[in-house]
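A.B. asks: This is what each chain is made of:
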Amino acid sequence: MEQRPPSDLWQRLQQVPRHYIYLLLSGVIVWQLLAPIRLPILPSPPTRGVYDAIRAVPAGKLIVISTDWDASTQAETGPQTRAVLEACFQAGKPFALMNLASPMGAKLGNDIAVEVGKEYHAEYGMVWCNWGYKAGFTNVLLAMARNIPKTMGQDFYGKPVAALHMMQKVRTIRDVGLVIEITGLANMTEAWVGLIQGPYRIPFAAAYTAVMAPGYYQFLDSGQLEGMLVGAKGAAEMESLVNRPGAGTAIMSAQSWAHVLIIALIIFGNLGFVLTRAREKGRER
Amino acid sequence: MNPEIYVLWAAVIATLAVYSILYRENPVSRLFEHVFVGLSAGYMLAITWTQNLEGRWWNPMVHQRLWYWIFAPVVGALFYLIYSRRLVWLARLVMGLFFGTAAGTFFREFFPLYSPQLYRSFKPLVASRSVGWGEVILHNWIFVVILFTVMSYFFFSIPHEGRAGRVLARTSLLGRWFLMIAFGAMFGNTVMARLSLFIGRVQYLLYDWIGRYVPWVLHRGM
Chain R
1 MEQRPPSDLW QRLQQVPRHY IYLLLSGVIV WQLLAPIRLP ILPSPPTRGV YDAIRAVPAG
61 KLIVISTDWD ASTQAETGPQ TRAVLEACFQ AGKPFALMNL ASPMGAKLGN DIAVEVGKEY
121 HAEYGMVWCN WGYKAGFTNV LLAMARNIPK TMGQDFYGKP VAALHMMQKV RTIRDVGLVI
181 EITGLANMTE AWVGLIQGPY RIPFAAAYTA VMAPGYYQFL DSGQLEGMLV GAKGAAEMES
241 LVNRPGAGTA IMSAQSWAHV LIIALIIFGN LGFVLTRARE KGRER
Chain G
286 MNPEIYVLWA AVIATLAVYS ILYRENPVSR LFEHVFVGLS AGYMLAITWT QNLEGRWWNP
346 MVHQRLWYWI FAPVVGALFY LIYSRRLVWL ARLVMGLFFG TAAGTFFREF FPLYSPQLYR
406 SFKPLVASRS VGWGEVILHN WIFVVILFTV MSYFFFSIPH EGRAGRVLAR TSLLGRWFLM
466 IAFGAMFGNT VMARLSLFIG RVQYLLYDWI GRYVPWVLHR GM
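Protein chains in written order, with the numbering used here: chain R, 1 to 285; chain G, 286 to 507.
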C-alpha cells in the first residue's frame, strides 16, 4: 500500500529524510572545525588516573604501551596515543611500544612516537623503542612475564631487542612499572589483567574507544585499572593535562555541537510523535 | 611530483567513495570496501611474516641450520586434515592441543580477573571514621541497591506470585529500569564514538586535503 505523505509539520518532523540529517550533521561539524567555539575541558578522575600513573612510575622501570588499534578507530585512538606519549616524554619515563592484535597499530603507533619523539629530542633505543607486532597474544603475555628480550626477539626495525641500550636492565615483567593498553578491541584488557596485572601486581591503565569504555568501569572501581581514557573525550582531557591541545581537543568542540543537534532532533521527533498521537486521540473522541 | 600527493588523493577518493553509501548503496562504495578488506588482509600477512615468522622461524631454520623448525608448518598443516575422513583424527589431535591450551589459559586468567571485582562489591553500608555518610549513601547504597535489583531481574527460579514473588517482581522491574539506563549510557557512548570517527575523516578532508590548496582552511582549524 502506498504511504501517504505527511500532512502537517508534526508528522513531517517524524519522517525527516535521513539525507537531510546527514547534511545537517556534516554542516555543524564543518562549522565547528572551521570556527570552533571551544568549551572548557576538565580532566575527569579516570583520565587523571592515567596521567598520575605515568608520573608515578619509579625510576629504572619501563612503561609498556600496547597500541592494539588500527585505521578504523584512528580518530579516537590516534590522539589518545599521542597524548599518552606526550605525558611519557614530559615525565621523562622510558617506554616500549608493542602490538598484540590489529597489527596496523605497530606502524601507526610508531609513526606517532617518531613524530612526538623528535619534538622532545628523544633518541630511539635510549628513551623509547618499539617491540613491534608479536603474534600469539596470550602466549606472548605468558612468555614476556618471564623473559622480555627473548620473547620479543627483534624490534619493529628488525634489530635484536636485547641490544637496545634502554633494554639492558630489562629482563622480566618485574622491570615494568606500568602497562598502558590503547585499543578498540574487546578481550585485550581481560588478558592483561588476568595474566599480568593480577598475578604480578603490575599497575595497568587503558585507553578505549568510547563504544567499549562503559564495559570497563568495573575494572576502575575494583582498582584493577589505575585510570582510563574514554574515546576522543579522554584524549582531549589528556591533551589538556599535558598542555598540548591537538586532534582530540579539535574533535571535542565539533562533537559537543553535533551532540546538541542530535539531542534537538530527538526532542523534535518525539514532540512530533506525542502531539500527533494526542490529536488522533482527540479526533477519536 | 611529491609522492605524498598521490597518498593524499588516494585517501580522499577512498574516503568519499566509502561515505557515498550514506546517499545510497552503490558499486563504487562496495568496490572500496573490498579494497579496504583486501589491503588489511594483505598487510596482516606481510607484517606476520616480517615481524614474526622471518625472525622466529625462517632465519633460524635457513641461516642457523636449525632444521627441526621444518616440522612447525607440518604440525600446523594437520588442521587441514579435517577434510579427510581417514586422517581427521590427526586434525583432532592438534585441535585438542589448542583447546587445552586455551582452556588452561582462561582458567588461569579467571580468578585474578573477577575476584577483585567480587570482593570490591562488599561495600560498607554504615559510616565509619574513614568513610562519611555522604559517600556511603551516594556511592555504596546506590551500588548495592542496583547490584541486588539487577541480579533479581536475572533470577528466574521463583514465579512472580505470592508475597515473595510480588517482592521479586518489583525488584526485578526496578532492575530492568537500571539496566535500561545503563544501555542508554552505552548507546550514548556509541553515538559519541561513531561521531568521533566521522569527525576524524572530516578533519582529514578539511585540513589535509582542502587545507593544502586553500591555506585559509588550515589556518582556521589551528
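FYI, nobody ran anything at the bench for these hints, they're computed from the structure.
Beta carbons are placed, not taken as given, at the ideal position from N, Cα and C, and that holds for glycine.
Some hints here could point you the wrong way.
Said to hold, decoys possible - Output of the computed footprint for chain R on chain G, the stretches with three or more beta carbons under 8 Å from beta carbons of chain R:
#1 311-318
#2 393-400
#3 476-486
Claimed, not checked - Cβ pair distances, simulated, as ranges:
#4 R:G158 - G:K408: 50 to 60 Å
#5 R:R12 - G:F392: 30 to 40 Å
#6 R:K169 - G:E339: 21 to 31 Å
#7 R:S44 - G:A331: 31 to 41 Å
#8 G:K408 - R:F137: 33 to 43 Å
To be verified - Partner residues aside, some chain G positions facing chain R, computed with beta carbon under 10 Å:
#9 S325
#10 N337
#11 G340
#12 F428
#13 V430
#14 A454
#15 R455
#16 G473
A.B. asks: Now tell me if each hint is right for this structure.
C.D. replies: Do the hints match the structure? See the list:
Against chain R, the region 311-318 of chain G contributes 0 residues with a C-beta closer than 8 Å to a partner C-beta. That does not satisfy the three-residue criterion, and the hint is violated. A stretch counts as covered by a chain when three or more of its residues have a beta carbon under 8 Å from one of that chain; for the region 393-400 of chain G and chain R the count is 6, and the coverage holds. Under the rule that three or more residues need a Cβ within less than 8 Å of chain R, the assignment of the region 476-486 of chain G holds, with 11 such residues. Between G158 (chain R) and K408 (chain G) the CB atoms are about 51 Å apart, so this pair conforms to the stated range of 50 to 60 Å.
For the hinted restraint 30 to 40 Å between R12 (chain R) and F392 (chain G), the CB-CB distance of approximately 59 Å leaves it violated. The supplied range of 21 to 31 Å is met by K169 (chain R) and E339 (chain G), whose beta-carbon atoms lie about 28 Å from each other. A beta carbon spacing of about 39 Å between S44 (chain R) and A331 (chain G) agrees with the range 31 to 41 Å that was offered as a hint. As the Cβ distance of K408 (chain G) to F137 (chain R) is approximately 34 Å, the hint placing it in 33 to 43 Å holds.
Interface hint at S325 (chain G): satisfied, since its Cβ lies 8 Å from the closest Cβ of chain R, which is below the 10 Å cut-off. For N337 (chain G), the shortest C-beta to C-beta distance to chain R is roughly 5 Å, which falls under 10 Å, so the interface hint holds. Interface restraint check: G340 (chain G) against chain R, minimum CB-CB distance 5 Å, threshold 10 Å, status holds. This hint holds: F428 (chain G) has a C-beta 8 Å from the nearest C-beta of chain R, less than the 10 Å allowed.
Taking 10 Å as the C-beta contact cut-off toward chain R, the hint placing V430 (chain G) at the interface is violated, the least distance being around 16 Å. The beta carbon of A454 (chain G) is not positioned within 10 Å of any beta carbon in chain R (closest approach about 27 Å), and the interface hint is therefore violated. A distance limit of 10 Å between C-beta atoms decides the matter here; for R455 (chain G) the minimum to chain R is near 26 Å, and the interface restraint is violated. Interface hint at G473 (chain G): satisfied, since its Cβ lies 9 Å from the closest Cβ of chain R, which is below the 10 Å cut-off.
Checked against the numbered hints above, the structure breaks hints 1, 5, 13, 14 and 15 and satisfies the rest.
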